[in-house]
Amino acid sequence: MQKKSFTFFIFTVFVPLLLAGCGSEETFENFKSTIETVGKFADSLVEINDGASESQSSDITGNTTINGEFSKKSSDSAGILTDMSEIGLTDEDGNGKNYVFVYADESFNAIYITDHWKIIDSYKITNNSDIIIICQALIAEHPVHGSDKVSYRTAEDMAYEWSQHNLAYEVLSDDTIWKEKSKDVDLNPEDQGKTFIEIYEDRTGKKFDITEFLKKNSGK
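So our numbering is basically just the index in the sequence shown, starting at one, shifted up by 1.
No lab work stands behind these hints: they were computed from the structure. For every residue, glycine included, the Cβ atom is placed at its ideal position computed from N, Cα and C. Accuracy of the hints is not assured; some may be wrong.
Stated by the list, open to error - Here are the simulated lysine-lysine pairs, DSSO-like style, with alpha carbons at most 30 Å apart:
{"no.": "1", "residue 1": "Lys195", "residue 2": "Lys207"}
{"no.": "2", "residue 1": "Lys150", "residue 2": "Lys195"}
{"no.": "3", "residue 1": "Lys195", "residue 2": "Lys125"}
{"no.": "4", "residue 1": "Lys119", "residue 2": "Lys98"}
As the list claims (entries may be wrong) - Distance windows between CB atoms, simulated:
{"no.": "5", "residue 1": "Asp122", "residue 2": "Glu199", "range": "22 to 32 Å"}
{"no.": "6", "residue 1": "Asp106", "residue 2": "Asp203", "range": "28 to 38 Å"}
{"no.": "7", "residue 1": "Thr196", "residue 2": "Asp149", "range": "13 to 23 Å"}
{"no.": "8", "residue 1": "Lys150", "residue 2": "Gly97", "range": "17 to 27 Å"}
{"no.": "9", "residue 1": "Ile114", "residue 2": "Gly194", "range": "15 to 25 Å"}
{"no.": "10", "residue 1": "His143", "residue 2": "Trp179", "range": "23 to 33 Å"}
Take the sequences, apply the hints, and build the full model.
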């Protein structure tokens, strides 16, 4: 889906739903804030949608195959990484749990527990191509099972989950608990393939409502 048509869909379907619930006291500034939030939400979804991968399978090393051949998926914009060795992933205590890697001259902590990688401050890394390479390095150290607990997650689908957390961090307002929780990504079997909306529903225990979501996150 192209950005123009997707944004048009957002504005012609979601915005009217939102406005239908607004009273006459709706101010121009609040409406402007809502529009900006919708635009940001749409842009982020389009970027992720455009980078959606084809059907994939993976071996234990995390090598991805598409139609039987090895493929390294690239994002729309080139990153700064060309190889996973460039991040210098290091096991700090030698116990296979607390790792450090370097990206753009900044150190990041990656914590591993069984079938689970947690990257602290993952929201700071947004380039999809680089995220895939970082995930390749994590998988090479400790593979993570897929949601079926039999297959193994690919670098691409882990990067997709990472992007969903980045999306949440970008669009959620600063005063929500979910903003803080989305700044770190947990790459585990349970969240494989889940969208931002599915993760939101899992965490909150309620159905995603675009009207409610935009009202809470548009500064009103």
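Cross-check of the supplied hints:
1. Lys195 - Lys207: Holds, at roughly 16 Å.
2. Lys150 - Lys195: 16 Å, holds
3. Lys195 - Lys125: Distance ~21 Å between Lys195 and Lys125 Cα, so the pair holds.
4. Lys119 - Lys98: Status holds; Cα separation ~10 Å.
5. Asp122 - Glu199: 22 to 32 Å: At roughly 23 Å between Cβ atoms, Glu199 and Asp122 fall inside 22 to 32 Å, so the hint holds.
6. Asp106 - Asp203: 28 to 38 Å: Holds, since Asp106 and Asp203 (Cβ atoms, about 35 Å apart) stay within the stated range.
7. Thr196 - Asp149: 13 to 23 Å: 18 Å, holds
8. Lys150 - Gly97: 17 to 27 Å: At roughly 20 Å between Cβ atoms, Gly97 and Lys150 fall inside 17 to 27 Å, so the hint holds.
9. Ile114 - Gly194: 15 to 25 Å: Distance hint for Ile114, Gly194 holds at roughly 21 Å.
10. His143 - Trp179: 23 to 33 Å: 27 Å, holds
Consistency note: the structure conflicts with none of the earlier hints.
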